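With these hints in hand, go ahead and build the complete structure from the sequences.
Sequence order for the protein chains is L and V. Per our numbering, residue 134 is the first one in the first sequence, and the count goes up by one each step. Per our numbering, residue 54 is the first one in the second sequence, and the count goes up by one each step.
These aren't lab readings, by the way, just hints derived from the structure by calculation. Among the hints, erroneous ones may be present.
Example chain L residues on the side facing chain V (calculated, C-beta under 10 Å, incomplete) [to be verified]: (1) Leu217; (2) Leu265; (3) Thr280; (4) Ile286; (5) Cys290; (6) Met294; (7) Glu368; (8) Leu401; (9) Ile412; (10) Tyr415.
Quick caveat: nothing in here was measured; it's all calculated off a predicted structure. We treat Cβ as the ideally placed atom computed from N, Cα and C, and that holds for glycine.
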Amino acid sequence: MNVLTEFSLFDKTSTLDGVYVTFMVNRLQMLYLLLIMPIYLVQPYMIWAILAVGVLSHFNLMILSKWFASDYSVKGYQGFSQLLGRPLLRFLAFLGLPLLLLKISILVLGYSEIVHQFVFPAVDRNWMLLFLMVVSIYMAAQGMEKTIRFIVIAFFCTIWMIVLYYSFFTYPIASLSDLYPLIPENSSDFFWKGILLIWSSLSGPEFLIFLAPWLGKNEKIPKYLSIGNAITVIEYLLLFVATQFFFGADLLRQAKFPMIEMIRYLQLPVFERIDIILIALYMFHFLFTIAIFLIYFYGGLRIIFQKRDEPINRLSFFLACLFIYVSLVLLNEWLWEEEQNVLVDFHIWAGAVSYILVPSFLVAMTKIKERTKGGTF
Amino acid sequence: MFFKKKAQHKEDQSPVTIERLKHLTSNIEDAIFVEHETKSSKTVTLIYIKTIIDEARLNEAIIEPLLRCEKKPINKCITNAKVSDISTVDETEYKLMTGCIILHDSANNQWYSVRMDNPEGRGIETSETETILYGSKDSLTEKIDDNILLIRRRLPLSTLKTESFNLGSQTKTKVVMLYIEGLTNPQLISIAREKILSIDFDQFLDSSQVAAFMEDHIHTVFPQFQQTDRPDVCSQSLGMGKITILVNNTPFALNAPISFFHLFQSPEDYINRWVPASFLRSLRYISFLLSITLIPLYVALTTHHYQMVPIQILFVLVESRGKLPFAPFWEGVLMLTVLEIITEASLRMPTKSSQTLGIIGGIIIGQAAVQAGFVSQVLIVLVGVSAIASFLVPNYSITKANSLLQLIFLILADVLGMIGIVFGLVILLAHLNGLTSLKQPYFAPIAPFYWKDWLDLFIRAPLQWMKVRPESLHPLQKWRYRKGR
Chain L
134 MNVLTEFSLF DKTSTLDGVY VTFMVNRLQM LYLLLIMPIY LVQPYMIWAI LAVGVLSHFN
194 LMILSKWFAS DYSVKGYQGF SQLLGRPLLR FLAFLGLPLL LLKISILVLG YSEIVHQFVF
254 PAVDRNWMLL FLMVVSIYMA AQGMEKTIRF IVIAFFCTIW MIVLYYSFFT YPIASLSDLY
314 PLIPENSSDF FWKGILLIWS SLSGPEFLIF LAPWLGKNEK IPKYLSIGNA ITVIEYLLLF
374 VATQFFFGAD LLRQAKFPMI EMIRYLQLPV FERIDIILIA LYMFHFLFTI AIFLIYFYGG
434 LRIIFQKRDE PINRLSFFLA CLFIYVSLVL LNEWLWEEEQ NVLVDFHIWA GAVSYILVPS
494 FLVAMTKIKE RTKGGTF
Chain V
54 MFFKKKAQHK EDQSPVTIER LKHLTSNIED AIFVEHETKS SKTVTLIYIK TIIDEARLNE
114 AIIEPLLRCE KKPINKCITN AKVSDISTVD ETEYKLMTGC IILHDSANNQ WYSVRMDNPE
174 GRGIETSETE TILYGSKDSL TEKIDDNILL IRRRLPLSTL KTESFNLGSQ TKTKVVMLYI
234 EGLTNPQLIS IAREKILSID FDQFLDSSQV AAFMEDHIHT VFPQFQQTDR PDVCSQSLGM
294 GKITILVNNT PFALNAPISF FHLFQSPEDY INRWVPASFL RSLRYISFLL SITLIPLYVA
354 LTTHHYQMVP IQILFVLVES RGKLPFAPFW EGVLMLTVLE IITEASLRMP TKSSQTLGII
414 GGIIIGQAAV QAGFVSQVLI VLVGVSAIAS FLVPNYSITK ANSLLQLIFL ILADVLGMIG
474 IVFGLVILLA HLNGLTSLKQ PYFAPIAPFY WKDWLDLFIR APLQWMKVRP ESLHPLQKWR
534 YRKGR
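What follows is the structure in C-alpha cells.
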C-alpha cells in the first residue's frame, strides 16, 4: 500500500457527456462579464450588439465543433503534433502560455479586487491571491478528469444567481425609457469597442480544444456548444438590461463593478447584505477556471521543455503553480493599480483574437492536412 | 505501509498426523482427543475444541452413527452431517479452530472433518442503529449464515451469488461477497474481489476493518462503504446493482459502491409516501449544511460581517455578546469541545446514566455557562440546533465527521469570514468530487452528471417514475420492470 498515491493529471477513465460542454461553454463565457463589463458596454443599443455577437459566436462555435469532429481532436497531444508538427506546436505553446497567464491574472486579481473592495478592505490582497491559488491547486492536483467534472458543481452553485436580478426588473425606478435609444445615433469608436468587448467576453470555449480526449467524439457537440452559447447570450441580455434599469447609461459608465454594486441593494429577512454571500459563491466559478488553466499551463510547459514523455511529478507541477503565484504577486504589486486598464485592454484583444483565430486555424489546418493526405494516395 | 512487509505465516501443507495435532493443541485446555470403537472394531479418533462445538449434536450426529457403523467407511456412516476429506496440517488446524470435528480413521489413515459449530449467539432482533417506524424490523446478526438467510429470503434468486473468503491470519474471519449475476457490473465484482484478495492483515473483528482495507482513499473522513445492519437495505442495494459484503461475527454489512448522497438516504424514504419522504430527505441535506456551517456563520458574522445582520438581530447579538471575555471563535471552539465531550461521554455511559448526563450537559452546563458570562445565549441556541441537525443524517459515520468539518469551517470563518466559509465549501466539494468508492465516482450523480438518477437524489420521486436503475452504477439490466408484461 503506497502512502502517497500516484500523481496523474492527464488520466482518462471515462468519456464525459456532452452536457459538460454546455456547462463549460456557458461558465467560461460568463467569466469576465462580472469583472470588465462596464468599460464599453453602457449604451442601451448594445442589446442588439449582444444579440448580433451572440449569433456570430454561434457560427464560430460551429467551426469549433468541426475540430471536435476531426480524428485529431480526440488524440490530444498526439493529434496536435500530427496536425501541426512538434516545432510549430512548441511555438504555439510558447505563445499560449503568456495568454493563459494573462487570463489567470485578470481572473485572480480582478476577483481579489472585488473581495477587497466589497468584503475585506483591510485584508492584504496578496493573502487573498494565496488562498485562491492554494484552493485552485488542490482542485487541479486531482487531475483533469475530476476538475472537468467539477464544472457541474460550479455551474449549479452560480447559475441560480441570475434569478436574483429579476427584482431589478420590477423596481419602481425601472422604466422602459431606460432602454432608449435602441438605435445608435452614430457609429463611434465606443460602439466598436463595445462589440469587441462582447466578442472577447464570449471567448473561452476555444480552450475546450484541449479537452477533446475527455469529451470524446460526440455527434451532438454542436448542439451542446449552441445551448451553452444561447444560455450565455440570455444571461448577458438579462444582466445588461437589469443594469440599464438600475443605473441608466450615464451612471453605468461611472460604476466599476455594476453587477456587484447592484446586488448590494438586495436583502433577505436574515441577511441585510447578501452581496457578500454572492461574491463568495462566485468563487466556485473562478476557482474551477483557474484550476483548469493551471493544468493547461503545466501541460504547455511540458510541451515547451519537451518533457511530454516523462512521467508527471508533483514537484514540477507545484513549481509551475508557484511560478504563476509569484507572477500574480508581482503583477499585483507593480502593474495592477497603475496599469490595470492596459492589462484589461490587452486581455480583451487577446481574448477576441484567440476566439476568432483558434477554431478557424485548427479547422483550416485539418482541411489542409486531409487534402495533403488525399494527394499522397 | 511504512515498514517492509515480511511474510510471518507460512502455510503448512504437510500431511496431518495425530502427533502434529497434539503439538498444535498443546496447552489448549478445551481441546479434546477421544477414541471410539465402531461395531466393526475400527478405532476412530475424534478431535475437537469443546467450547466451540455443539456437544448435543456431536453425540447424535457423529458418535451414535459411528458406534453403529459396521463395514462401511466411516464417512459413509455419518449421514446427517456433511463430511469432508482433509489432508494437510493447515487445513486441519483451520477446521478444528472454527468449530469442526476432526475424525481420524486410524485403520485407513483417513482424515475427515464435520462442521458442528456452536449455535450460541444473538437471535434476530430489531435494528438499534437504523430504527424506522414502519417497515421490516429484523436486523443482521453476528452469524453470517443467518445474515445470508435474511437476504436470500428477500431475494430468492438463483442469480444471487455468494463468494466466500477467509481474512486475517489470526481471526480467519469468513467474509462473503454477494451480488446478482447478470445485473451487477462485472467490473465492480472484479474490483471488489481483487481488493478482498489483496488484503493481508492479522485481525478482522468488524466489517469496518475490512472496509478500511478496501477503501480507495484512506485519508478522508467520508466512508466509502455503507455500513448497515438492515437486510432490506442490503437487498435493495443488491437489486440496484451494488455489491454486499458480509463479515462473520459482525452485524454490519458493507454495501458498495456508494456515493456521498447514499449517506443521506434512509430505508424509510422508500416506505413513506413520496412527498413527505422527499421533504424529509431535503431536510437532511439542509441539516447537514446547517450542522457544519451554522456556528462558523455566527463566527463570521460577529467577527467580520456585522453589516450583514439586520439591525433588530444586531441588537440581540450585541446585547448577548456585550460582556463576554472571549472572541466569537474561542467561544465557538469552547462550546463545540464541551458538546463533543458530552456526546462522547453519553455514548460510553449506561443508557440510564446517559439521560442524566444529557440533562446535566444540555441544561445545567449550558445555562451556567451563559450566566457565568462565558458564552452568549445566541451561541447556545446555535450549538443546540447544529447538534440536533447533525443527527438527522441517517449515517452515523457522517455525524462523527461533522465535528471535524465544523472545526475546519470555524477556523476558516474566523480568518476570512464568509469568504472562508465558501473556501471551505469549495474544498469540501472538490474533495468529495475527487473521492471514489470501488473506483466509482463518489459525487455521482452530480459529478459525473447522470440526470436520470436525480429522481432519487434530493427528493425521492414516486416509485413508478424510477423505472431505471441508477446509471452511475452501470448495471447490466437497466430497467426495473419487465418490458411488455
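Hints, verified against the model:
no.	hint	in the structure
1	Leu217	violated, 31 Å
2	Leu265	holds, 9 Å
3	Thr280	holds, 8 Å
4	Ile286	holds, 5 Å
5	Cys290	holds, 8 Å
6	Met294	violated, 13 Å
7	Glu368	violated, 20 Å
8	Leu401	holds, 9 Å
9	Ile412	holds, 8 Å
10	Tyr415	holds, 9 Å
Violated hints for the displayed structure, listed by number in ascending order: 1, 6 and 7.
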